[in-house]
Amino acid sequence: MTVTTYIFGVLSALATLAVVVEMLRRRRLRERHAVWWLIAGTLALIIGVFPGVLVWAANLIGVEIPLNLVFFVSVAVLFLVCIQHSAELTALETKTRILAEDTALHELRIQALENAATPRPHD
Amino acid sequence: MPSLLERTLIVMPAFNEEAVVKQVVLEVLEKLPGVSCLVVDDGSSDNTIAQALEGGALVARLPFNLGVGGAMRVGFRYALEHGFDNVVQVDSDGQHDPSSVPEMLARLETADLVLGARFAGEGTYTVRGPRRWAMIVLSKFLSATARTRLTDTTSGFRASGPRAVRLFAEHYPAEYLGDTIESLVIAARAKCVIVQIPVSMRVRAGGVPSHDPFKAAAYLGRATMALMFALMRPPVPLHNSEDVR
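Taken in sequence, the protein lines are chains A and B. Be aware that the first sequence starts at 55, since it is given in the working numbering, and climbs by one per residue. Be aware that the second sequence starts at 20, since it is given in the working numbering, and climbs by one per residue.
Keep in mind that the hints were calculated from the coordinates and are not lab data. Since the structure is predicted, the reported quantities are computational estimates derived from the model, not experimental observations. Not one of these hints is a red herring.
Examples of chain A residues lying across from chain B (beta carbon under 8 Å, computed):
{"#": "1", "residue": "ALA154"}
{"#": "2", "residue": "GLU155"}
{"#": "3", "residue": "ALA158"}
Backbone N, C-alpha and C fix where the C-beta goes; we use that ideal spot for every residue, glycine too.
Make the full structure from the sequences, and use the hints.
What follows is the structure, encoded as structure tokens:
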């Protein structure tokens, strides 16, 4: 590994973390959605600064090529984030559906109240 | 004590049915005196609301399309809030004959959910290929779940008694095919009594049943999946069911 790739790795990890933290700071991202990105960014930073950790972890689990461990963990994180998003989407759809039902029922109720309040000219 | 029909709410989910909805509402109100008729406009872009109002129905307007399941939930919730005992779902395209409703309501004396089933020989409703297999598989599984013989599980012509209305106001599924397949599973598992009675169906004003084998195969797949997930989900209990019956 050359010095350039070392610096590149560390900077990439820092940039990732910076984006996530900045979005959290501006309230564009809620904590519960940021957790996985923070974990991924922190892992990337640790491995960027201490590449030996990756080799050690790969040996520990028995992964022959340390890089494969990186790919595996990346895919796992992306998978978890996607699943979380699908679940959130389902929850949101359920909520909008209930709100839509509520507006329909409220509209009926308002109509009935208005009809009762204003005597019709033909009556 | 109000009469049976006065305690009954007819719910019609309607999506872009301006051509027929007025006639269907008029026919329902004429053949079933005393009944209340709620048309749930499922985000139509045409004149459905005005036509339904002209026919004399109450109209609930959904701001966007939710599908039959979502529309029916509005109906069940309205019935619960306004003290209706029974809910009868009738299609707004006129294929269900309202003269079958009194017979269905009579069966609610001993049942919680009455399905109006299209029987062979009544009308010209024939199906072949994958769609037929789908119907056979569905009726086999659902008959076993509901502990009664059901031959037409996808019929949208059904009457719900007080227990089913309370159950459905909370748990009617809004997914694709949820209003037919999963709702039966939910009702059966909540120990609702389900029966079917034969009704004759009229030919829909505009439209022939699809015989495209690919569409039918897709339908079979989706129906099987809907059934599998419905059976896998935890059953929902019917709260304080003892004090009713």
